[in-house]
Amino acid sequence: MNLISFIFAMFCILTILVYFVTPKKIRWIVLLISSLFFLFYKNFNVVTILQALTIFLSAYIFARLIEKYKDTHKSKIFLVISILLILLVLMYFKYSNLFLITIDHICNILKIDYDLKLVSRNSLIGLSYYSLIMIGYLTDVYRGSVKAEKNIFKCALFMAYFPILNSGPFIKFENMKDTLYEGHKFSYKRMCNGLIRIAWGAFKILVISQRCGYFVNTVWGDLAKFNGVYSIIAALLFPVELYANFSGSIDIIMGVSEIIGIGLPENFDSPFFSKTMTEFWRRWHITLGAWLRDYIFYPIQKSSIIQKLNKFCKSKFGKKVGKKIPLFISMFIMWLCIGIWHGGEYHYIIGSGILQFVIIFLEDTLTPISNKINDKLGINRETFGYKLYQVTRTFLLFSFTMIFFRATGVAEAIEFIKSMFVSNPWVLFDNESLYTAGLDMLDFRILNISLIVLFVIDYLKTKFDVREKLFSQNIVFRWTVIFVLLFSIIIFGCYGVGYNAADFIYRGF
Amino acid sequence: MRKYMNKCYIYIYISRVILFIIVFCMLWNSVFKILNVDANPITEFYKEDKNTMDIAYIGSSNVFMHFNATLAYDKYGFTTGLFSIGSAPFMTSKYMIEEVLKYQRPKLFIIDLSTVATDSNIVFTENNVRNISNSFKQSKNRMNLLNEMLSKLKADGVEIEKDYTFYYPFLLYHNSWKSLTHEKLTKSKNYFKGYYLSEKQVATISYSDLQWVDGSERLQEYNNNVLIDTLEYLKRKNIEVIFTVPIKNYDWHVKRKTNRAIEIIKSYGFNYINFNDLDTNIVDFSTDLYDWGHLNVYGATKYTLYFSKYLKENYDLPDHRNDNKYSSWKSEYERFKIEFNNLTKKNFDDLI
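So the protein lines, in turn, are chains A and B. Residue numbers for the first sequence follow the numbering used here, so the first one is 25 and each next one is one higher. Residue numbers for the second sequence follow the numbering used here, so the first one is 65 and each next one is one higher.
A portion of the hints provided could be inaccurate.
Unchecked claim - Pairs of lysine-lysine, DSS-like flavour, derived with a Cα cap of 25 angstroms:
id : chain 1 : residue 1 : chain 2 : residue 2
1  : B       : K67       : B       : K171
2  : A       : K174      : A       : K49
3  : A       : K209      : B       : K71
4  : A       : K326      : A       : K98
5  : B       : K201      : B       : K216
6  : B       : K226      : A       : K66
7  : B       : K401      : B       : K139
8  : A       : K118      : A       : K66
9  : B       : K253      : B       : K409
10 : B       : K389      : B       : K409
11 : A       : K196      : A       : K49
12 : B       : K67       : A       : K48
13 : B       : K171      : B       : K409
14 : A       : K174      : A       : K201
15 : A       : K344      : A       : K332
16 : B       : K201      : A       : K213
17 : B       : K373      : B       : K389
18 : A       : K332      : A       : K348
19 : A       : K48       : B       : K71
20 : B       : K226      : B       : K216
21 : A       : K209      : B       : K226
22 : A       : K213      : B       : K67
23 : B       : K111      : B       : K401
24 : B       : K67       : A       : K49
It is worth saying that the hints were derived from the structure and are not from the lab.
Build the full structure now, drawing on both the sequences and the hints.
Here it is in structure tokens:
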């Protein structure tokens with residue numbers, strides 16, 4: 025179900041209406057029914073039912089068993105079995121092609137004849153999300169930080185809560201267990217807040233992301249014609265497209281959840297104002313980062329192999345360098361996981377995994393040296409200019425990594441990078457050429473204005489709660505802002521005839 | 065006390081929501097009036113005060129290019145609303161009457177017959193259907209009009225994708241902000257109570273082309289059914305009506321088919337005037353035609369003077385010239401004269 029569609033709007037209105045007219049005690053059942061409808065919408069068949077049931081029952085039954093056999097070695101076995109079962113389903117439906125491509129590559133190296141046939145499997149919406157969420161739940165039960173949910177239907181709701189199925193955020197059972205099943209009271213203020221957030225999300229997707237997409241797709245679609253300046257602009261616009269699209273869809277589902285009364289964790293914190301890549305990833309897809317930290321990075325760090333390696337490295341290379349080696353190994357594994365999670369193909373693994381790790385590794389290694397040089401040269405690192413340089417550097421680095429993310433393969437990404445070196449700077453100055461790549465002059469103007477609005481709001485969000493501030497204003501100002509936002513979406517939004525339905529880039533993951 | 069306060073808050077919130085929706089709808093209406101459709105006599109018609117029309121003249125471009133309602137008002141004091149749009153098929157008449165009756169209570173309807181005998185594939189095009197339907201306000205009547213026009217288009221074999229954009233035109237036109245120009249925004253200034261002023265003469269037609277013919281031939285089955293349906297509707301509604309065949313260069317077959325339509329109209333007891341078949345020529349064909357099918361301002365002035373005199377003499381029409389409520393008619397007539405004088409460098413008063 026597309027978030028920007030009539031059917032989704034009707035679905036949400038109906039769910040919210042029924043939720044608030046139902047007795048408080050059974051309101052969570054309304055959410056469960058809606059979530060199951062959303063999960064199986066237009067995809068209700070034996071394969072999808074088995075897919076969902078395997079993950080759900082693995083999580084539900086094994087969580088109970090883990091709790092029952094707590095503090096015995098059995099609980100660890102149950103945890104491993106349950107995680108393997110979930111991963112098996114996830115791998116089979118999402119990452120079969122990665123496996124097949126790897127075999128193909130190995131066969132090529134060994135010069136073995138192998139007929140590569142990629143497969144297309146029918147997976148449910150949100151499979152990657154709820155698989156990891158349930159792995160997190162099982163681990164938390166094993167660690168004893170939460171108790172296993174006894175009610176099978178409540179457990180099902182935690183797994184399939186419809187707002188998170190589209191593009192996250194990742195939720196944790198300990199944060200959701202009370203609010204999810206509580207019958208929330210209707211709140212006028214919450215409704216207004218939620219609607220504003222939905223409108224802001226729609227603005228980001230329809231006015232900004234879709235518009236960027238036209239330019240980016242046109243350039244990527246014909247690199248022989250659109251290269252040089254076109255490729256550079258496309259490379260810079262793609263992260264903005266991705267951000268507007270992803271954070272916009274998060275805004276929509278957060279808005280819907282807010283109206284219901286169920287708060288979800290924030291997934292973005294103005295990431296384009298980050299001064300380093302490490303900071304960037306603390307502010308981009310926050311819940312994925314948190315999930316990986318809690319369930320991949322820390323367990324690896326605490327594992328006996330890493331602990332032994334830590335001791336060994338400290339003794340061999342000294343305390344300072346020695347402790348870094350196991351840390352980077354853990355980080356590498358974590359980034360590899362991020363890359364794999366983003367898509368079962370190598371260009372995703374490189375773009376959103378390995379390259380991110382390399383940049384963070386270089387940042388960590390080179391920052392002390394760079395700081396020393398700056399100090400010696402007397403460069404003040406606290407000035408606006410220096411911070412602007414840091415923010416720009418982070419954005420450019422991220423844009424570069426996203427070339428691999430956007431490409432359909434590693435070869436295409438390299439082709440794109442090469443195309444950036446074609447010299448055609450007149451494109452910027454001859455008044456026409458720039459407007460032949462999917463966006464005309466008026467579209468560019470709208471895009472520029474919208475981007476200014478987006479970044480100003482993002483900046484203000486780092487200072488105060490923008491919605492709270494808006495609601496503290498008088499009604500004339502408040503409504504003017506809201507109407508300007510709504511009519512900007514209606515008039516300048518890219519939807520309807522001549523436009524493709526607003527797709528969500530992150531829904532595929 | 066607390067319960068009472070809660071109740072008060074609920075009322076405040078509900079009224080806020082209602083007020084918000086009202087303001088939103090008003091803004092929506094204003095925005096899409098500009099974006100959806102260019103100004104035309106129908107959009108101009110909606111601007112008139114309620115129940116201020118004595119006559120409603122409905123039909124195609126032969127209405128708004130032939131009849132200068134401001135001149136008729138200045139001469140005889142009655143008001144005429146021109147609910148017309150270019151290339152309107154005759155089947156739209158019923159829906160136009162329904163639309164007029166929502167806002168006005170005219171004593172008399174004048175129905176233009178210029179497309180009664182036109183082959184349907186000429187007037188039933190996707191663009192035409194959009195143009196006509198977009199000019200109507202959103203209502204059940206508009207939906208019915210669209211349903212009928214779309215089923216006719218489909219029956220004619222026209223492939224239509226995305227039907228919903230006919231019903232919700234903003235999905236198609238919200239992007240038309242790109243083509244907003246000063247001219248488009250001020251186009252309504254070219255209309256004078258629906259009359260479209262043009263002093264040009266882009267084609268001349270010989271007198272022999274305009275001569276009417278005797279005899280009749282069968283109407284296209286669709287046109288025949290539409291005509292009978294419209295006449296039955298008028299009879300059922302007991303509406304006073306006069307049909308007009310405007311001055312126009314018709315094809316020989318169309319003239320004979322129009323004669324057939326007139327025979328059917330007569331059989332229902334309705335009044336009609338064929339302006340091509342009068343004893344005297346109202347207009348000078350060498351100077352008064354805009355093109356093969358329309359009059360320019362010189363022809364329109366003569367036509368209006370002739371027809372409004374006929375209407376005044378044959379129907380009991382009031383004179384509003386001393387009524388302040390109708391002062392806009394006077395000012396529009398003055399605006400028309402100034403525009404005429406500017407365009408032609410002539411004095412309009414010398415013409416009448």
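Distance restraint between K67(B) and K49(A), which requires alpha-carbon spacing of 25 angstroms or less: Between K67(B) and K49(A) the Cα gap is close to 23 angstroms, so the pair holds against 25 angstroms.
Satisfaction of hint between K98(A) and K326(A), Cα-Cα up to 25 angstroms: holds, 20 angstroms
Distance restraint between K332(A) and K348(A), which requires alpha-carbon spacing of 25 angstroms or less: holds, 13 angstroms
25 angstroms Cα cutoff - pair K344(A), K332(A): Distance of about 16 angstroms is within 25 angstroms: holds.
Proposed proximity, K216(B) with K226(B) (alpha carbon, max 25 angstroms): holds, 16 angstroms
Holds or violated: K174(A) to K49(A), with C-alpha atoms at most 25 angstroms apart: At roughly 17 angstroms apart (the allowed maximum being 25 angstroms), K49(A) and K174(A) satisfy the hint.
Pair hint K253(B) and K409(B), alpha-carbon separation not exceeding 25 angstroms: holds, 19 angstroms
Pair hint K174(A) and K201(A), alpha-carbon separation not exceeding 25 angstroms: holds, 12 angstroms
Restraint check for K373(B) with K389(B), where alpha carbons must lie at most 25 angstroms apart: holds, 23 angstroms
25 angstroms limit on alpha-carbon distance, applied to hinted pair K213(A) and K67(B): Holds: K213(A) and K67(B) sit about 19 angstroms apart, inside 25 angstroms.
25 angstroms Cα cutoff - pair K226(B), K66(A): holds, 21 angstroms
Given hint K49(A) paired with K196(A) - CA-CA distance at most 25 angstroms: holds, 22 angstroms
Hint violations for this structure: numbers 1, 10, 13, 16 and 21, all remaining hints satisfied.
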